[in-house]
Amino acid sequence: MGFLFEDDNFALFRDGFLQTIELSALSALLALLLGTLLAAFRVSPVPVLRAFGTTWVTLFRNTPLTLLFFAVTFGLPPLGVHFSHLVFAVLALGGYTASFVCEVIRSGINTVPLGQAEAARSLGMTFGQTLTLVILPQATRTVLAPMSSVFIALPRNSAIAGAFSVGELYSAQQTFSERGYSIFAIFFWVACAYLLISATVATLFRFLENRLAVAR
Amino acid sequence: MSLLNRPATASVLYDAPGPKTRARYRLFGALSLIGVAGLLWYVVTALSDNGQFDADLWDAFQYTYVQQMILDGLVSTLKAFGLAAAFSLTLGALLAAGQLSDHKPVRWLCVGIVQFFRAMPLLILIVGLYYAFFAKDPMWALVLGLTLYNGSVQAEIIRSGVNAVPRGQGEAAYGLGMRKTQVMTSILVPQAVRSMLPSMIGQLVVTLKDTSLGYIITYNELLFMGKKIASQPLNAAGFPYIPVVLVIGPIYIALCLLLTALARWIEARGRRGANRRTSAAA
Chain A
11 MGFLFEDDNF ALFRDGFLQT IELSALSALL ALLLGTLLAA FRVSPVPVLR AFGTTWVTLF
71 RNTPLTLLFF AVTFGLPPLG VHFSHLVFAV LALGGYTASF VCEVIRSGIN TVPLGQAEAA
131 RSLGMTFGQT LTLVILPQAT RTVLAPMSSV FIALPRNSAI AGAFSVGELY SAQQTFSERG
191 YSIFAIFFWV ACAYLLISAT VATLFRFLEN RLAVAR
Chain B
4 MSLLNRPATA SVLYDAPGPK TRARYRLFGA LSLIGVAGLL WYVVTALSDN GQFDADLWDA
64 FQYTYVQQMI LDGLVSTLKA FGLAAAFSLT LGALLAAGQL SDHKPVRWLC VGIVQFFRAM
124 PLLILIVGLY YAFFAKDPMW ALVLGLTLYN GSVQAEIIRS GVNAVPRGQG EAAYGLGMRK
184 TQVMTSILVP QAVRSMLPSM IGQLVVTLKD TSLGYIITYN ELLFMGKKIA SQPLNAAGFP
244 YIPVVLVIGP IYIALCLLLT ALARWIEARG RRGANRRTSA AA
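Top line first, the protein sequences correspond to chains A and B. Using this note's numbering, the letters of the first sequence map in sequence onto residues 11 to 226. Using this note's numbering, the letters of the second sequence map in sequence onto residues 4 to 285.
Pulled out of the complex, with its shape left as it was, chain A reads as follows (with noise of 0.2 Å):
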């Protein structure tokens, strides 16, 4: 258990422990935006967008994250498109989650009874007033919960941003497995870190539920 405060051991692990930050952090920033014009998309009247909402959440939810990372760091480069190992990171793993993100804000904004739109349209409400008054407060307390679950996922695929060359936690791990040392204290460490993250960001969500309750 000590060797990670042994030589230099303990600058790789919080190096590796803060670009696993960064990356969640951008990536989430990513899915999230990108998540909700995709369900801006797939409530939409205009047919053509829900089709492309559609085909883009088909699309993403059912391929292996791997698969997008392959795909992303082998694929990109031939076209002449070279960014960081990072910046591939997010551009797969924001993608990714951006299809998990989508899904959930449509579905707060389904659960939200027909009566209470039509009730702010007929006190002449605008199309402005009733999203920002009367539907997104709504949907929002729906949201938080399965929305919780998505950005919990998310630091933990992130693990899988290691093995193509970003120098986050899990490529400390190896790095610490190559220099030899016990493979249950690495875990150990590692382990410890990634829940931390998991705690703080289900911290996070339940203070985000408890000052959006209400009573009912």
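Just the calculated beta-carbon pair ranges, DEER-fashion: (1) B/Ala135 / A/Leu206: 20 to 30 Å; (2) B/Ala49 / A/Leu43: 21 to 31 Å; (3) B/Gly205 / A/Phe198: 29 to 39 Å; (4) B/Phe119 / A/Asn120: 33 to 43 Å.
Hints are computed from structural coordinates only; laboratory data are not their basis. Remember, predicted model here, so these are calculated numbers, not experimental data. All C-beta atoms, glycine included, are put in the ideal place defined by N, C-alpha and C.
Fit chain B to the given chain A structure using the hints.
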């Protein structure tokens, strides 16, 4: 159509469109069609300008041994998936039984196991198992890792399913003098499985997708075979990475969609059965 019927186009967000709105939707539709077509055209030309659709690059797939490699990879993937599915369902049932146990130590132990393995990244788990025990045989590292993670998730699904059965069902069974085991096996679990089957199959889709993690521990599953095909250039055309992705991606998507279709079919069947039951009771 009566006035009370809502038109099929009514949604939470939009009122049923009038003639002007319909014209506007058509305009948006045309514009977005142009946009999507332009995007597709851009992607296809970018690929073909780069020579990704040249026959030379796709030559590899004409060789029998390459086709055999893809087939072998598919078989390995399905083998790992089959084993992991069977084991994870078994483990899930056991852990769920433990979580619902009346004995506190058993319950705490099982809850602890489930929470731990659900919070661990699957890759870290698989690679840990690979280095610690299965360096010679990556398949078992993959299967065991998938089993531990998905078994924990299945346990949560089964447990919440059992808890979601109306309380009266269990109480009535106890009232008839059944033991706890009898109540579980003949009253609660059959009803829980019926409502939870779609989620359980949904988790099996996740299991199938996660078999591709075998690529990282050099288990010769579909993606690993794809990498092998792509990284040995057969001719001067270069490395067929994009063709390999375009061949392997659809295979995974088709497999997952098949499983999803199965889940949807079972869900529809279950709903039909549930309706029949309520109407018979009335």
